[in-house]
Amino acid sequence: MASAAIPANQSPKTNYLTNGYSLKSWLLTTDHKRIAILYLISITLFFFLGGFFAMLIRLELLTPQGDLMHADTYNKVFTMHGIIMVFFFLIPVVPAVLGNFLVPLMIGAKDLAFPRINLLSWYLYIIAGVLFLHCMLVGGVDTGWTFYPPFSTSASNTNVIEAGLAVFIAGFSSIFTGLNFIVTIHRMRAPGLTWNRLPLFIWANYATSVIMILGTPVVAITIILVAAERTLHLGIFDPKLGGDPLLFQHLFWFYSHPAVYIMILPSMGVISELIACFARKRIFGYNFVALSSIALAVFGFLVWAHHMFVSGMSLYAAMVFSFLSFSVGVPSAVKVFNWTATLYRGSISYATPMLYAFGFIGLFTIGGLTGLFLATLGIDVHVTDTYFVVAHFHYVMVGGVLMGFLGGMHFWWPKISGRMYPEAWAKLSALFVFVGFNLTFFPQFILGYVGMPRRYWQYPHEFQVLNVLSTAGASVLAVGYLLPMIYFLWSLRYGPIAEANPWNAAGLEWKAASPPTTFNFDETPVVTWEAYNYDEIDAKPQEVPVGR
Amino acid sequence: MSEHATSRGFYVALGISLLVLTAVTVGAAFVNLGPFNPVIALLIATIKATLVVLFFMHVKGASEKMTAAVVISGFFFLAILLVLSMADYLTRAWR
Ligand code: HEM
Ligand SMILES: [Cu+2]
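For the protein sequence lines, the chains are F and L, in the order given. According to this note's numbering, the first sequence is numbered sequentially starting from 32. According to this note's numbering, the second sequence is numbered sequentially starting from 196.
FYI, nobody ran anything at the bench for these hints, they're computed from the structure. Hints are supplied without guarantee of correctness; some may be wrong.
[Claimed, not checked] Pairwise CB distance ranges (calculated):
#1 F:264 / L:215: 24 to 30 angstroms
#2 F:554 / L:245: 43 to 49 angstroms
#3 F:554 / L:220: 19 to 25 angstroms
#4 L:256 / F:265: 34 to 40 angstroms
#5 F:275 / L:258: 39 to 45 angstroms
[Unchecked claim] Computed list of chain F residues with no C-beta within reach of chain L, every gap over 12 angstroms:
#6 82
#7 196
#8 217
#9 415
[Stated by the list, open to error] Pulled a few chain F residues facing chain L out of the computed Cβ check, cut under 10 angstroms:
#10 151
#11 329
#12 346
#13 347
Using N, Cα and C, we set each Cβ at its ideal position, and we do this for glycine too.
Kindly generate the complete structure, drawing on both the sequences and the hints.
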């Protein structure tokens with residue numbers, strides 16, 4: 032029955048993009064690929080909005096005096112930058128765009144298990160986004176993305192509740208995505224596609240989904256408690272009312288540390304796909320890489336209080352958390368070492384996606400290692416709440432997550448759009464991103480180490496040179512992000528038509544047409560090979576693995 | 196899975212009893228029981244949560260191992276939250 036003919040497939044010309052042009056056919060679609068496109072458009076808009084706030088921050092910090100805006104405005108600007116980038120960009124970006132598009136394709140399914148819930152999750156994202164835009168327009172919020180009380184509950188006179196509600200709703204959107212992925216990966220794999228044969232991107236999204244489902248409710252409840260304290264003056268977090276502010280920090284970071292793995296794991300999955308394809312090799316230590324995703328999901332829940340070392344928490348507990356934090360370095364390192372080992376004697380080519388993969392490995396390594404600095408109790412006391420921390424998390428979030436996303440977008444763009452992007456421009460912009468990124472954020476390590484605190488709108492004169500470098504880098508970086516947007520749009524019309532499998536890559540998604548038809552496969556594929564069987568594919572080059 | 200467990204009347208009754216327990220929680224908050232106020236409140240909350248998990252979420256009567264795995268991992272992560280937070284609260288030197 033699974034192989035019954037589907038009318039949409041009878042004309043080879045109809046694909047998921049041409050199957051209906053009306054607005055309704057998009058807004059009421061249950062096709063995972065169309066929902067991925069909806070997400071792509073909306074998340075990109077939020078990315079540029081968040082980027083706009085980043086530019087304001089960098090412009091203010093160009094000079095030591097607070098001259099561009101008031102201190103209060105600056106507080107709002109970095110808060111809105113943080114909230115937008117974390118909750119409306121980094122958390123959903125890879126699962127909701129690439130994951131939505133690819134999970135069913137990669138496992139040989141026609142759609143996700145719950146297509147309507149998938150659409151609902153996009154609407155929740157939009158509702159949350161609109162709510163936050165409204166909150167922004169009526170004055171914004173100034174608590175930092177971390178919403179710490181008692182400032183957020185008793186002192187701040189900005190729209191904390193509305194911002195919190197937006198984050199709350201966005202959280203449900205990601206719970207729905209996670210739920211959908213877990214059920215889909217358990218129940219809808221093609222015959223023969225055992226767990227050991229799954230692409231590592233699937234493993235990564237599976238682990239991510241587990242974190243989404245287990246962690247997000249905690250931050251949702253915490254936000255409700257903040258709202259309750261703010262409106263009803265219940266004493267939960269504010270010491271004046273008999274509450275405990277550290278309780279908030281425990282609850283918040285119980286979610287928000289694992290949330291950094293929600294962000295990075297799917298990108299790590301992307302990198303595994305890219306490295307395997309452009310080194311033409313099976314990922315070295317496939318099982319370890321797969322299980323390290325699960326390990327990160329579990330260990331990620333054991334380390335949260337490393338964000339609280341100077342908060343006044345118990346010194347003994349701090350030592351335990353410091354020790355545990357080193358444990359998340361292990362699965363992270365497993366991945367990095369296995370990727371580099373995969374390169375060994377691989378037949379490497381330097382297409383744009385691979386450039387991003389290389390960028391990811393280098394930048395994530397710096398970000399991860401500085402994470403270990405911060406996890407060291409004695410060093411953290413010195414650099415906490417300085418630009419060192421800012422540099423650390425931008426190396427992992429921008430250097431990691433965003434590099435992975437861009438690499439993935441280039442890799443799967445032929446599949447998504449049916450067109451090739453212009454390779455020379457893409458290489459150039461990858462260069463802009465890499466150089467701009469390092470110029471922006473490396474100086475911040477030094478700034479933090481010599482004592483520049485984060486979240487201030489002015490600073491002593493001696494910090495200016497490094498801040499100017501950073502702002503200059505941010506401008507280069509901005510060009511690096513604008514270019515892909517322009518040439519991706521350009522390629523929709525003028526790009527060369529893509530074949531089904533332009534990279535000669537392994538993976539079921541490449542057996543579907545480019546762009547895929549609405550139901551992905553004419554017949555449910557039967558898998559008889561291991562993941563990343565590049566040795567088999569390359570052994571008989573004329574037999575491109577497009578089945579049928 | 197048994198017949199009457201899935202009947203509509205059963206769920207309505209269950210829903211009403213949850214509301215009653217909520218009322219009891221609110222009522223108990225007005226009686227001064229000293230340190231036992233939170234104990235009572237947590238006890239009632241636990242009973243309510245158990246009812247929801249067993250019946251509304253159909254965990255009672257479910258035969259699949261997967262359900263057990265999901266429930267156990269939920270409690271496991273809750274335990275992590277409680278135990279490691281307590282590691283802080285119980286060992287603060289300045290207390
Ligand atoms: C190798 C594993 C990692 C370790 C050991 C680690 C450790 C730490 C520590 C100890 C801090 C707190 C510093 C302070 O506030 O004093 C921190 C902050 C942070 N880390 Fe990491 N980290 C790691 C990986 C990551 C990853 C992969 C991401 C994101 C993708 C990330 C995102 C963040 C963020 C956003 C903050 C700052 C939160 C804030 O205060 O606003 N980290 N990290
Ligand atoms: Cu952390």
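Tested hints:
{"no.": "1", "hint": "F:264 / L:215: 24 to 30 angstroms", "in the structure": "27 angstroms, holds"}
{"no.": "2", "hint": "F:554 / L:245: 43 to 49 angstroms", "in the structure": "47 angstroms, holds"}
{"no.": "3", "hint": "F:554 / L:220: 19 to 25 angstroms", "in the structure": "57 angstroms, violated"}
{"no.": "4", "hint": "L:256 / F:265: 34 to 40 angstroms", "in the structure": "38 angstroms, holds"}
{"no.": "5", "hint": "F:275 / L:258: 39 to 45 angstroms", "in the structure": "43 angstroms, holds"}
{"no.": "6", "hint": "82", "in the structure": "34 angstroms, holds"}
{"no.": "7", "hint": "196", "in the structure": "23 angstroms, holds"}
{"no.": "8", "hint": "217", "in the structure": "7 angstroms, violated"}
{"no.": "9", "hint": "415", "in the structure": "17 angstroms, holds"}
{"no.": "10", "hint": "151", "in the structure": "19 angstroms, violated"}
{"no.": "11", "hint": "329", "in the structure": "9 angstroms, holds"}
{"no.": "12", "hint": "346", "in the structure": "6 angstroms, holds"}
{"no.": "13", "hint": "347", "in the structure": "4 angstroms, holds"}
Going down the numbered hints, you'll see the structure goes against 3, 8, 10, while the others check out.
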